[in-house]
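The lines below spell out each chain.
Number of protein chains: 2
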Amino acid sequence: MVNSLLSKRSAFAHNSILEEEKVADSIKKRGGRVIEINRGDPAIYFPTPKYTIDAYIKALKDGKTEYSRDAGVIPLIEAIRKRYMHKYKVNSRTEDIIVTAGISEALMFINQAMINPGDNAIIFKPFYNQYLSQLKISGGVPVYDNYDEKNNWELNPESIKKTLKNLKSTGKIKHTKYMLITNPNNPTGTVLGRNTLKEIVDLANEYNIFLISDEIYDEIYYNGASFTSLSQLAKGIPHMILNGASKDFDSTGFRIGYALLPEKDNASEELKSKLAEFASVRLCVNTPAQYAFAESISNSTAHEAAISHMVSEIEKRVNAAVDILEENEKIKVIRPNGAFYILPRVDFKSLKIKDDHEFVDKFLREEHIMLSRGSGFGAESHVRVVALPPKDILEYAMDKLNSFCKKYSK
Amino acid sequence: MVNSLLSKRSAFAHNSILEEEKVADSIKKRGGRVIEINRGDPAIYFPTPKYTIDAYIKALKDGKTEYSRDAGVIPLIEAIRKRYMHKYKVNSRTEDIIVTAGISEALMFINQAMINPGDNAIIFKPFYNQYLSQLKISGGVPVYDNYDEKNNWELNPESIKKTLKNLKSTGKIKHTKYMLITNPNNPTGTVLGRNTLKEIVDLANEYNIFLISDEIYDEIYYNGASFTSLSQLAKGIPHMILNGASKDFDSTGFRIGYALLPEKDNASEELKSKLAEFASVRLCVNTPAQYAFAESISNSTAHEAAISHMVSEIEKRVNAAVDILEENEKIKVIRPNGAFYILPRVDFKSLKIKDDHEFVDKFLREEHIMLSRGSGFGAESHVRVVALPPKDILEYAMDKLNSFCKKYSK
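In order, the protein sequence lines correspond to chains A and B.
Counting from 1 along the first sequence, just add 1312 to a position and that's the residue number in our numbering.
Counting from 1 along the second sequence, just add 1312 to a position and that's the residue number in our numbering.
For the record, the hints were derived by calculation from the structure and aren't laboratory data.
Just so you know, these numbers come straight off a predicted model, no measurement behind them.
Take these hints with a grain of salt, some might be off.
Which copy is meant is left open, because identical chains are indistinguishable; a pair holds if it fits in one copy or across any two.
[Unchecked claim] Using 25 Å as the maximum straight-line C-alpha spacing, the simulated DSS-like pairs for lysine-lysine come out as follows: (1) K1448 / K1320; (2) K1703 / K1576; (3) K1373 / K1362; (4) K1486 / K1341; (5) K1666 / K1462; (6) K1576 / K1320; (7) K1484 / K1320; (8) K1334 / K1576; (9) K1394 / K1341; (10) K1628 / K1477; (11) K1576 / K1394; (12) K1320 / K1480; (13) K1628 / K1401; (14) K1547 / K1473; (15) K1712 / K1661; (16) K1373 / K1661.
Given only the sequences and the hints, what does the whole structure look like? Please build it.
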């Protein structure tokens, strides 16, 4: 008999969504329909643009089915380079870009490449859950700061300064490998202000912290917001931008992301070479999808039409959902201006519901609507809504959320 | 200034091929042509079958561009289940199969899920280089046994028994997480005998070692060989089969592999759940390619035509190359009967060439033909030839190899 084979780190490979999925599956098996507002997948509700699909088909017909260049096919690298040049005035070279199987794989490489057991990384609550899993799988220890709910989920440079000072005074700063921000944010749906970003860059510079900005939603902002990329402000400061095909380009199932490290300091050069080596070990990512994504980026006219339609729809859907949630006395909600998530705070206690886990579970079982638990994002008092379904379905779901809360208020 | 950010483990993410690729690139830049017989990519020489491409295109047109089920789309899981049922009489359930981004990703998950720093795994020299990199990246320590060059690169059960006994007597067996074999083998091109496999299964059972068999070339055998899958012999014994789309199905650039764990003992159940959790953390692999691969497997008539053509061509090419290499006095070569690799032993010393590194480098610079160094596979006295190019090109390359050796013999 073979005994347990699992490693200690494997405990951190855990996705709480699997529990809810089991409940949803059993509802579906009994013939029920489940409204899933728990997964951030635009391609379910907005078909991937035809010009992208056509490019994908062309790549297949052209026989682009071989292993590709490890760090990404050159036409894609070029498309990414030009995007950053035109959009953010960032100069970059071929070797500054590593194409990965989604940002997921980039996070795995980053943590494997940078984190020794016990090393720290600064991440902000609420966080995208993979930041924490990948960090911990590599033996890292998170140092938390917070997106400030009292200030529209904005980051607080004063608080970040305290965090960094504290790391310095305890000697831990030497082992703090990166600070990771998400802009626009998942799960809060907020866009960071330019001044906040500037202060963060200055702090990173002062404390010699490598900055990473996950900007996968960088074309999805609305309600009057404007977006600044870290790459515009961090010139001369070691940093990395994460981005990809999934959200702006509505191609989640392609699994194509990338890391861009435009700086030439020694640490950045060493890191990008090493990420390329990690890419080389696993050979490459899906080849024809890389060509499709190259065209997604390069055909700016077609992309502009697709993204502007999608963003204006998302704006309407998010606002319609928030409008309804604002009527709920048990909920406090901040109106997002980016991505497509809403993270309402729910007064579980007054509903006599133990926590977000029980809330999401009950709501799913009783109303057949699937939310995400806030605790998966480090936000235990919240639930996450994905505001992507058509307005009528989303409004139905939010009405149900309100009546569910009313029912439990009694 | 940010100091070095790299982790200790990152030293193991290293692919020596990058050095040769730089040389090749410079030759190409000067207008030269390089014959690349270093990468095991059938899709370069045999177009991916049209029925597979058609299925891929259909999936795209049907809008299969969303995130998929984490561990793989059900039609693919079903196709894999049926393949193993029909081909190897293996019963399996949905949860026994985890679809990954090539075997590469499966290896990453396996090592992350199983290996604590300092844990052992038994691997055999020569090995596919990723086995070692992924094991070491996860902090594991290889225990080597050998494919026996004196016995046609067959595994030697007596030697394996010694290795296991030694691990037991030193108390290390408790921390030996798996024994990994490759059949047919990369880089030796040999198919393991049924009796050898039986003895290995018995030993794994006796010493309670979890067995893994990488069978990515399981339809590519010839020269009269017959193939036995570990899954046919290891019923009741905890084990895992690795396989995928790349080789038999000539779809390297899809990056679709899978792990099959058909057993229901506690260790196997726990491990497959954990691998599914690792899959869940990174969301999914390329969705439309999964549908294409499902059709690759399911359309057995179309597949049979494609694979029988490919294997008969590979047989001719391998034999033609070996025939020429046998004329070379500085080389000892074992004729492969599986996969598409040849691993000749080269008498570097009598050529006054320091090692495989220098040999491959000189041969590339002088003849513009790119081999792989044996040392990347733990075979320091060898070089690896990929016998996939058309016969005339391969014969030209082998003639050049012979004349190169002659030149340096003087």
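How the hints compare with the structure:
For a Cα distance limit of 25 Å, the shortest separation of K1448 from K1320 qualifies both inside one copy, at 10 Å, and across copies, at 16 Å. In this homomeric assembly, K1703 and K1576 never come within 25 Å of each other (Cα to Cα): the closest approach is 46 Å inside a single copy and 46 Å across copies. For the homomeric pair K1373 and K1362, the shortest alpha-carbon distances inside one copy (16 Å) and between copies (9 Å) are both at most 25 Å. Within a single copy, K1486 and K1341 get their C-alpha atoms no closer than 53 Å, and across copies no closer than 43 Å, so neither meets the 25 Å cut-off.
In this homomeric assembly, K1666 and K1462 come within 25 Å of each other (Cα to Cα) only inside a single copy, at 24 Å, whereas the closest approach across copies is 68 Å. Taking the closest pair of Cα atoms, K1576 and K1320 come within 25 Å of each other only across two copies (22 Å); inside a single copy the shortest separation is 37 Å, beyond that limit. For the identical chains of this complex, K1484 and K1320 are neighbours both inside a copy (24 Å) and across copies (18 Å), given an alpha-carbon limit of 25 Å. In the homo-oligomer, the alpha carbons of K1334 and K1576 lie at most 25 Å apart only across protomers (20 Å), although the nearest pairing inside one protomer, at 48 Å, exceeds that limit.
In the homo-oligomer, the alpha carbons of K1394 and K1341 lie at most 25 Å apart only across protomers (23 Å), although the nearest pairing inside one protomer, at 48 Å, exceeds that limit. Taking identical chains as interchangeable, the C-alpha atoms of K1628 and K1477 are never at most 25 Å apart, the minima being 42 Å within one chain and 68 Å between chains. For the homomeric pair K1576 and K1394, the shortest alpha-carbon distance inside one copy (18 Å) is at most 25 Å, but the shortest distance between copies (52 Å) is not. With identical chains, the CA atoms of K1320 and K1480 are at most 25 Å apart between copies only, with a shortest distance of 23 Å across copies and 30 Å within one.
Taking the closest pair of Cα atoms, K1628 and K1401 never come within 25 Å of each other, the shortest separation being 31 Å inside a single copy and 54 Å across copies. In this assembly of identical chains, K1547 and K1473 lie within 25 Å of each other by CA distance solely inside one copy; the values are 20 Å within and 59 Å between copies. With identical chains, the CA atoms of K1712 and K1661 are at most 25 Å apart within one copy only, with a shortest distance of 19 Å there and 79 Å across copies. For the identical chains of this complex, K1373 and K1661 are neighbours neither inside a copy (58 Å) nor across copies (48 Å), given an alpha-carbon limit of 25 Å.
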